[in-house]
Amino acid sequence: MAPPNQDKTNAIGLTRSDYRGERSTLCPGCGHNTISAQIIRACYEMSIPPSKIVKFSGIGCSSKSPTYFLSQSFGFNGLHGRMPSLALGAAFGDISMKVLGVSGDGDTASIGLGQFKHLIRRNLPMVYIVENNGVYGLTKGQFSATAEKGLALKHQGENPFLPIDIAKEALIGNASFVARSFAGDPQQVRELLKAALSHRGTSVLDIISPCVSFNNREDTLHSYQWGRQHEAPLHDISYVPTRKAIILDEFIEGETKEVTFHDGSVVVLKKLEKEYDPRDKWQAMKILEEAEQNHWLVTGLIYIDPDQPNLYDYLDLTERPLNRIPSKELRPSAESLEGINKSMR
Amino acid sequence: MQNEIESDQKVNDPLSKKVNDFCMTICTVNGSGSATSNTTLLRALFHMGIPVSGKNIFPSNIKGLPTWFSIRVSDEGYLGRVAHDDIVVQMNPVTFEEDINYNIPGGVVFYADHINMQIDRDDIIVYPMPVKDLIEKAEVPRDLRDYMANMVYVGIVSQVLGIGMEYIENALLSQFKQKPSVAKSNFAVVKLAADWAQENLEKRDHYFIEPREPLSDYIMTDGNTAGALGAIYGGFQFCGWYPITPASSLAESLNTFAPKLRNDPETGKNNFAIVQAEDELAAIGMAVGAGWAGIRAMSSTSGPGISLMTEYMSLAYYAEIPLVLWDVQRVGPSTGLPTRTAQGDLNLTYFLGHGDTQQIIIIPSSVNECFEFGWKAFDIAEKFQTPVIILSDLDLGMNLWMTKRFVYPDKPMERGKILWEEDLDAFAETWGRYLDIDGDGVPYRTVMGNQHEKAPYFTRGTGHDEFGNYSEDPEDWRRVLDRIKQKFDTARDELPQPEYHFKEGAKIGLIGMGSTEPAILEAQDKLVDFGVLTDYLRVRALPFSSTVREFIAAHDRNYVLELNRDGQLHQLLIIEYCDMTDRLISLSYVDGLPMTANWIINSVNKKEKDYGTS
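Residue numbers (the numbering used here), protein chains in the order written: chain A, 1 to 345; chain B, 1 to 614.
These aren't lab readings, by the way, just hints derived from the structure by calculation.
Even glycine gets a Cβ: it sits at the ideal position worked out from N, Cα and C.
Treat the hints loosely; a few may be bogus.
Think about it this way: if two alpha-carbon atoms lie no more than 25 Å apart in a straight line, the pair counts; the simulated BS3-like pairs of lysine-lysine are [as the list claims (entries may be wrong)]:
no.	chain 1	residue 1	chain 2	residue 2
1	B	K404	A	K342
2	B	K137	B	K203
3	B	K177	A	K342
4	A	K117	A	K281
5	B	K260	A	K342
6	B	K177	B	K260
7	B	K417	A	K52
Some chain A residues judged to face chain B by a derived CB distance under 10 Å, without partners named [what the hints assert, rightly or not]:
no.	residue
8	P49
9	V54
10	I59
11	A87
12	A91
13	K328
14	K342
15	S343
Construct the entire structure; sequences and hints are all you get.
Next comes the structure, spelled out in structure tokens:
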């Protein structure tokens, strides 16, 4: 797929620059900037109006990034580890919005672990990106909970603890969509983003995103070099919007697996030599465990259950945007209050 | 049971007939099902037209520990707590001896006769109740016997005091609306016990109940139910909450009533959402998100939850996000006394948040006002684009009160300065999320989902300018934070204003807030007998109304009455009116129980004596 020309417009007549944000103030070369660029491109290519996207983040380098994409979208930078609750409450304002959350490993895997797990448990439709670099960047280089055992950092010494694996936590928490990618593989990041944006539940994207300043030694798990050498993609995936409703020609029948999303769009999974079915949870657990044993970086769509009911399904909620319901419809009648008064006699 | 703050035991004249003026405490074991019996008595008295209040003094326990239920009746309408008992109904052997010490001389004890205890006092009248015999006679199924045993005292007490059986039957029917057969089987036990009492007990005490004109302007319910209904009529659309005593029943009442009252007219689906969060950190995060997105958002909790919510409340203050937060206060610090009442969160909530934070607080004093503030709070929050904290407490929130009927909101909802697509089209001025266009400190806001190209902005708790852009500029910081302060000065006289009760010629002021009102009103009346005339101001909101200054200035001494150790309302008044500190005197204590009129009377009299005036 050739990168679209800047002058071109998408299906709703917008250019790529309509999806851009402020200039990034993160370090040059930061993996987070690559991810921001792919968010811009994915949303552009999917022709989602920026006004129908809402962005959230917590605290940390990752959480600064929502200002670096989609300036035409509303956004809210909340508290450390507590973006899930903020996004959940806001989502009820208008459930037709696409909810996009950006967090980091410090934000999600420490104070935010509880809210992360409970977001997954409720299966709120939203994309939850973890820009994972194993280090606290904004406070200048402390270990995060995803740092691998034995990692040595300047001023910190050696990390004695085993890491928290965000994809595993999501899977054990019954997440309906778990993917992992690598910021150095922009195409895969983009395709996974598109799949996540179409999923009708919480989509967890754990994206290894190297910190160029504090954790990018060649032999560490979250560095570019390590990632490039050890990345083992599960499969290539391509996202095909419903409007075109075609499966790309180069995919040969028998070598594809289709996952149909509730909005009608389809993710087509291209199998590599390894037979992998992302709807098989046991297989997903196994592959993550194997990867950990073998120090692999498994990337791709690890698990998906497109049919898992989401939070809105449980609440018998009207589909009208709650924040546009006229006030007079929100106040029950005077007669109903008289009935209540009577019942309390 | 009741820590005596004052010695208010009075000697009853055994010859005088006491009609509709006494306090009765029923002592039972938690989890034995006595709540139904106690409420039946309370409701029957209410149906008889007698002003009545019920206070449940209960342990932090599900089953097994002692619990007390005090019913006060008063023709004069004095419904605050009293620290003595005229009548004790004793069903709990564990507390038997201790409880009887709270009986005033000339008082009455009803006790289950299977409790083998010596009663050493000869100044009280004692009626044994053959609870086990009667239950056996009533042929109650074995598994319901303990529960039904409580209906025995309902029957005997009613017969001796003169509560008509028709009122008891009605009270049971109104409690078991859905299950008339349960009401019937309970009533059978009550009737059997009443008949036994009629045949076997000779009335020797001097307490009587007589019916009055029906209290048709009144209803009976608790503050948490009222608060939830207020929220429903105030158009709440989102509640994130986490269980905590004594606030849980507020959100649970939303769950009970909202699905019936708040459906989309076209689809019949809910136009609100209630989410039980994983903790208070998340509950408030959800409410902040929802308030930001333009729906009427709320949460409810108690002290420990408020502590956890502090950081998001600080953000909501600075990012100017409307939401309503109920604090149903219990006793702190720490876990404190989870099932006891206090007014100890005033300072915490007023300054809730790090840095320069100040929140709007509104303080209801009655169940009826819980309803009223329940809906008004949303209007205030959206008008001033800031959190509003409603300070209730356990006494108000969980106890059943006789209260004025709920009054339907007298004005349409006030949604504040919110701009939709067509508003932005028509908006001639430059719009910025934090730009003060009208000079009242309150900017205009847009919310998520607004499709206008000018609408979107980025909300953050970090420094920002008038357009929501990140800024570390010293001038930007000062300007924005000073402008937020200006909102609170604007709000001051638009919040619920103080309520006053004057006595002709008074030079002394009483200042209070919240659920201490019944005790203060009673004390104000009774202080007249001591030659102490007082005017009473009840603070209903913070920041203080500018009229508070006039009240303080008009009185030589103002006693500030509150249920906390440090006199927090007094402290805030001192900060605000530092030029009048010599006129402000703190009278405060906390022991977990509601304030009594006698404590106020004794404390004020003692102080007045110190000042050499009486």
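Close enough to count: is the Cβ of A:A91 nearer than 10 Å to one in chain B?
OK, holds: A:A91 within 10 Å of chain B, min 7 Å.
Would you check the hint for B:K137 and B:K203, treating anything up to 25 Å between C-alpha atoms as holding?
24 Å, holds
Given the hinted pair A:K117 and A:K281, is their Cα-Cα distance within 25 Å?
17 Å, holds
Given hint A:K52 paired with B:K417 - CA-CA distance at most 25 Å:
This hinted pair holds, its Cα atoms lying about 22 Å apart.
Given hint A:P49 near chain B, where the shortest CB pair must fall under 10 Å
8 Å, holds
Given the hinted pair B:K177 and B:K260, is their Cα-Cα distance within 25 Å?
17 Å, holds
Check the hint pairing B:K177 with A:K342 against an upper bound of 25 Å on the C-alpha distance.
Since the Cα atoms of B:K177 and A:K342 sit roughly 13 Å apart, the hinted pair holds (cutoff 25 Å).
Residue hint A:S343, partner chain B, criterion CB-CB below 10 Å
8 Å, holds
Check the hint pairing B:K404 with A:K342 against an upper bound of 25 Å on the C-alpha distance.
Holds: B:K404 and A:K342 sit about 12 Å apart, inside 25 Å.
Go through the hint on A:A87 and say holds or violated, using the shortest Cβ distance to chain B against 10 Å.
Interface hint status for A:A87: holds (6 Å vs cutoff 10 Å).
Holds or violated: B:K260 to A:K342, with C-alpha atoms at most 25 Å apart
16 Å, holds
Checking hints one by one. Is A:K328 an interface residue toward chain B, by the C-beta closer than 10 Å rule?
7 Å, holds
Of the hints listed earlier, there is not a single one the structure fails to meet.
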